[in-house]
Structures are given as C-alpha cells and as structure tokens.
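Participant: Listed below are the residues making up each chain.
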Amino acid sequence: KQEVTQIPAALSVPEGENLVLNCSFTDSAIYNLQWFRQDPGKGLTSLLLIQSSQREQTSGRLNASLDKSSGRSTLYIAASQPGDSATYLCAVTQGGSEKLVFGKGMKLTVNP
Amino acid sequence: NAGVTQTPKFRVLKTGQSMTLLCAQDMNHEYMYWYRQDPGMGLRLIHYSVGEGTTAKGEVPDGYNVSRLKKQNFLLGLESAAPSQTSVYFCASRRLAGWVGELFFGEGSRLTVL
Chain A
3 KQEVTQIPAA LSVPEGENLV LNCSFTDSAI YNLQWFRQDP GKGLTSLLLI
53 QSSQREQTSG RLNASLDKSS GRSTLYIAAS QPGDSATYLC AVTQGGSEKL
103 VFGKGMKLTV NP
Chain B
6 NAGVTQTPKF RVLKTGQSMT LLCAQDMNHE YMYWYRQDPG MGLRLIHYSV
56 GEGTTAKGEV PDGYNVSRLK KQNFLLGLES AAPSQTSVYF CASRRLAGWV
106 GELFFGEGSR LTVL
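In the order they appear, the protein sequences are chains A and B.
With this note's numbering applied, the first sequence corresponds to residues 3 to 114, in that order.
With this note's numbering applied, the second sequence corresponds to residues 6 to 119, in that order.
Simulated from the structure, these hints should not be mistaken for laboratory data.
The model shown is predicted, which means the values in this text are computed figures rather than measured ones.
Check the hints yourself; a few may be wrong.
Claimed, not checked - Computed beta-carbon distance windows for the label pairs:
| hint | chain 1 | residue 1 | chain 2 | residue 2 | range |
| --- | --- | --- | --- | --- | --- |
| 1 | B | V55 | A | P16 | 44 to 52 Å |
| 2 | B | V55 | A | A80 | 33 to 41 Å |
| 3 | B | G68 | A | G43 | 23 to 31 Å |
| 4 | B | Q22 | A | G43 | 19 to 27 Å |
| 5 | B | L27 | A | N24 | 20 to 28 Å |
Beta carbons: idealized from backbone N, C-alpha and C, even for Gly.
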C-alpha cells in the first residue's frame, strides 16, 4: 500500500528564507506527483505536477523535483513571503490506478 | 470560469438524516472524486468516477453513495448520517489524457452531524 509522508508537519520561518519542503513515498511505481497549497477554510490549489518521466518542474519562485528511485520529492520555495503561509500537500498517482494518495501536509508560516 | 463548484458549503444534520452534496465541473473532465478531510487523517478518497455513468469505491466508502448521471455532475449521498461523518468534503476533477492530468478541487463542504 502506497504511503506518502511529509516531515515536518509544521515549519515557521522568517520572511526571505529559501525553503525546502520534503515528500517521500514508499512505492516508486507512480504516474506522477503533484504539489498542492491549501489556505485555511479553502480547497486545494495545484502548484506543480511532475510526470514520472520528469525530474523537475518550475513555476515562478517554486521548483519541484522528483527522484522516483529514492521515493522522494522536494518543493523549493525561493525568497519566502508571508503570503506563502499555507499548508502544502503532496500527492502521488499510483501506477495502474486513477487514485491519488495524499500526504498529511506541512503547515508553513512565514513571519514578516 | 467556475471550475469545480460544491453545494452546499455548510450543513448541519441530525443523526439519521439524509442529504446530498452536489459537485459540478465545467471543464469537461472525465474523472471526478469525493474526498473527506479530517484533522490528523489527511485526505481520504470516498468514491470516484472515471466517466459518465460509472462509479467506484475509494478508501472509505461505507455510509456513502454516489451517482454520475451527467458528465459534469458528481453527487455524494449520505442515507443515514452519523456523527463520524462530520468532516469537510472536497470534490475534485481531472481530465483523461495521455498524461494523467492535474487535479482541480472545489472549495469544500463542511458537514456537521449532531
């Protein structure tokens, strides 16, 4: 059974820091990995989608990498801002399945 | 550009009552999903659909039923609500393509069962 883990569960940093958020998964047979952002009381917003054959994806200050063989993905946030404060979740689409398996998320607080 | 719309956004039920949550998407997506989100449990898949007229069970299907009579709508029903079904429910959709596509979520429906 695929398990997705995000450690730590929460992180608090001062504004301006470059951040690395971690996601690990137990079964490397995935179609893709997706990073989401969730603001309090809101739904999830897709940030980046990395297909299994790709190594990384970039969008603005965000860069996500994927290492299938080691079962890891990282989300890099450059020059963090208070507006980046949210919960970040990663999810993998399991090979041969239409379903996503989610991590429990990491709550990020960026202090001004 | 509505995306994924869920109704209602909030609902309070008494134990044993029934209700239906409606999810509508205007992106012509084939796949639709219902998740529930609980503190400490993360997002768990209840049911999903891979196209009009199809449904399948997810991780936590007991106590819920679904229907996908039209491609754009996915309904989640609770026949006899229980306090354990107090949760925030999210609908999501994505298109079928050569690459498995990006998942789009609704804003959520907060359900309280007393």
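Participant: For the pair B/Q22 and A/G43, does the Cβ-Cβ distance stay inside 19 to 27 Å?
Facilitator: 24 Å Cβ-Cβ, so the 19 to 27 Å window holds.
Participant: Using the C-beta atoms of B/V55 and A/A80, is the stated range 33 to 41 Å upheld?
Facilitator: Roughly 38 Å apart at Cβ, these two residues keep to the hinted range, so it holds.
Participant: Could you tell me whether the CB distance from B/G68 to A/G43 stays inside 23 to 31 Å?
Facilitator: 25 Å, holds
Participant: Is 20 to 28 Å right for how far apart the beta carbons of B/L27 and A/N24 are?
Facilitator: Violated: the Cβ-Cβ distance is about 37 Å, outside 20 to 28 Å.
Participant: Could you say whether the range 44 to 52 Å given as a hint is met by the Cβ separation of B/V55 and A/P16?
Facilitator: 46 Å, holds
Of the hints listed earlier, the one the structure fails to meet is number 5.
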